Structures are given as C-alpha cells and as structure tokens.
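Using the sequences and the hints, build the whole thing.
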Amino acid sequence: MQIWPSGVQADRKKASAFPAKNGHFRLSVQDVGLIQGFPESWKFSGAVYQILGQIGNSVSPPVAYQVALSVANVLKKA
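Residues -3 to 74, numbered by our numbering, are exactly what the sequence shown covers, in order.
Think of the hints as simulated: they come from the structure by calculation, not from any bench. The reader is advised that the hints may include incorrect statements.
To be verified - Label pairs and their computed distance ranges (CB to CB):
1) 67 x 15: 17 to 23 Å
2) 6 x 61: 48 to 54 Å
3) 12 x 71: 44 to 50 Å
4) 13 x 64: 36 to 42 Å
5) 36 x 73: 44 to 50 Å
6) 18 x 39: 48 to 54 Å
7) 71 x 9: 44 to 50 Å
8) 74 x 41: 34 to 40 Å
9) 50 x 9: 32 to 38 Å
10) 31 x 73: 31 to 37 Å
11) 64 x 15: 38 to 44 Å
Nothing here was measured: the structure is a model prediction, and the numbers come from that model. Don't be surprised by glycine CBs; every beta carbon is placed ideally from N, CA and C.
This is the structure we're talking about:
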C-alpha cells in the first residue's frame, strides 16, 4: 500500500479502500484534476507525484478558455 503524505491516491478505488484515520475522504488523482477544472475523461501520465505537479502547475482549462476568448475578442477589434 502506498499512501502519499498529501493523502492523494493513484485512483478512486485505492482512495476509498484506505480511508484516512481522521475519517476524511481521500482524494484520487482524478478528483484533484476535477477540482482544478479538468474533465473527468482527461488522461494524465506519469507517477502520482508527477501528475500532481502537472495539475498544480497548470492553468485550469476553464480559466485558459476564458483567457483565449478575451484574446480572440481583442484581436477581432484590432
């Protein structure tokens, strides 16, 4: 069993199989991605710590979309 200090597990099955001692729900990589705004179908690659780094260092898709819309609107006016 591999429990990360953050409590994040590689998948939901592992996250629910080993609840935290304090009774809190353990998050899976998929859960962390959803919170950050990635669709559930998004595929991450790498070890859990690498995926968490990718998610944490990313600009969430909804924010990136809004930035792209703003840039497109400015370019249309130019």
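A quick look at each hint next to the structure:
1. 67 x 15: 17 to 23 Å: violated, 44 Å
2. 6 x 61: 48 to 54 Å: violated, 28 Å
3. 12 x 71: 44 to 50 Å: With Cβ atoms ~46 Å apart, the hint holds.
4. 13 x 64: 36 to 42 Å: holds, 39 Å
5. 36 x 73: 44 to 50 Å: violated, 36 Å
6. 18 x 39: 48 to 54 Å: violated, 31 Å
7. 71 x 9: 44 to 50 Å: holds, 46 Å
8. 74 x 41: 34 to 40 Å: holds, 38 Å
9. 50 x 9: 32 to 38 Å: The hint (32 to 38 Å, Cβ to Cβ) is violated, given that residue 50 and residue 9 are roughly 21 Å apart.
10. 31 x 73: 31 to 37 Å: Taking Cβ atoms as reference, residue 31 and residue 73 lie about 35 Å apart, which means the hint holds.
11. 64 x 15: 38 to 44 Å: holds, 40 Å
Against the hints set out earlier in the document, violations occur for numbers 1, 2, 5, 6 and 9.
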